[in-house]
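Novice: Next come the chains, spelled out residue by residue.
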Amino acid sequence: EAGVAQSPRYKIIEKRQSVAFWCNPISGHATLYWYQQILGQGPKLLIQFQNNGVVDDSQLPKDRFSAERLKGVDSTLKIQPAKLEDSAVYLCASSSSGGGSYEQYFGPGTRLTVT
Amino acid sequence: SQQGEEDPQALSIQEGENATMNCSYKTSINNLQWYRQNSGRGLVHLILIRSNEREKHSGRLRVTLDTSKKSSSLLITASRAADTASYFCATAQHTGTASKLTFGTGTRLQVTL
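These protein sequence lines map, in sequence, to chains X and V. Residue numbers for the first sequence follow this note's numbering, beginning at 1 and rising by one. Residue numbers for the second sequence follow this note's numbering, beginning at 1 and rising by one.
Calculated from the structure, these hints are not laboratory results. Glycine included, each C-beta is placed from N, C-alpha and C at the ideal position. Just so you know, not all the hints are guaranteed correct.
As the list claims (entries may be wrong) - If the Cβ cut is set under 10 Å, some of the chain V residues that face chain X in the computed set are:
#1 A90
#2 G104
#3 G106
Said to hold, decoys possible - Below, a list of computed lysine-lysine pairs in the DSS-like style, where the Cα atoms sit at most 30 Å apart:
#4 K62(X) with K26(V)
#5 K11(X) with K71(X)
#6 K56(V) with K44(X)
Let the sequences and hints guide you as you build the complete structure.
Specialist: Set out below in structure tokens:
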């Protein structure tokens, strides 16, 4: 079974530029998550989708971050404009059912550096 | 915000020894999960313990949960160099239609030969 795919793996941009990350979850997984992991910390949930609907985006900085999950499969996370503090690894995860009742499968992440 | 706090922040042991990591959290939970993260394989789920369980085993892993103290521990027995990684506890909370994981700050484990 193929795992969670993410691209790109690395991205370097200047502050105030925009950037987009892509995620393809495990086939059949209804729930998709985006996390931000700053160096030395644990992952922080940004947004959770159930199929193509948002169930939790309480920690998403909506003035600059946006995410969508078209057709309930792939998802993109966008940052516009980027700030220095956005430098982090952005992790995508999926699970076969909603929420924390089940294990989540993580992709390799996208390491973003904002200069 | 981080729900869990792991202790210690870093741990260095020799191969063959046991490693114990602790996690404390602040609010009520539905279950608690442990994940491992290393540079080669990303975040990997290790074990899940439900709020009505007190102990669970999986191979060389033993997890305990004390909901009265809001704490959990992860024991890795007979450690190997390949166990070198960061270990995170994550608490699951159901709120209405949503349910989410909140990760702790992690314990960095170094296993030396």
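Novice: Hint by hint, note whether the structure agrees.
Specialist: Tested hints:
| no. | hint | verdict |
| --- | --- | --- |
| 1 | A90 | 8 Å, holds |
| 2 | G104 | 5 Å, holds |
| 3 | G106 | 5 Å, holds |
| 4 | K62(X) with K26(V) | 27 Å, holds |
| 5 | K11(X) with K71(X) | 26 Å, holds |
| 6 | K56(V) with K44(X) | 26 Å, holds |
Violated hints: none; the structure is consistent with every hint.
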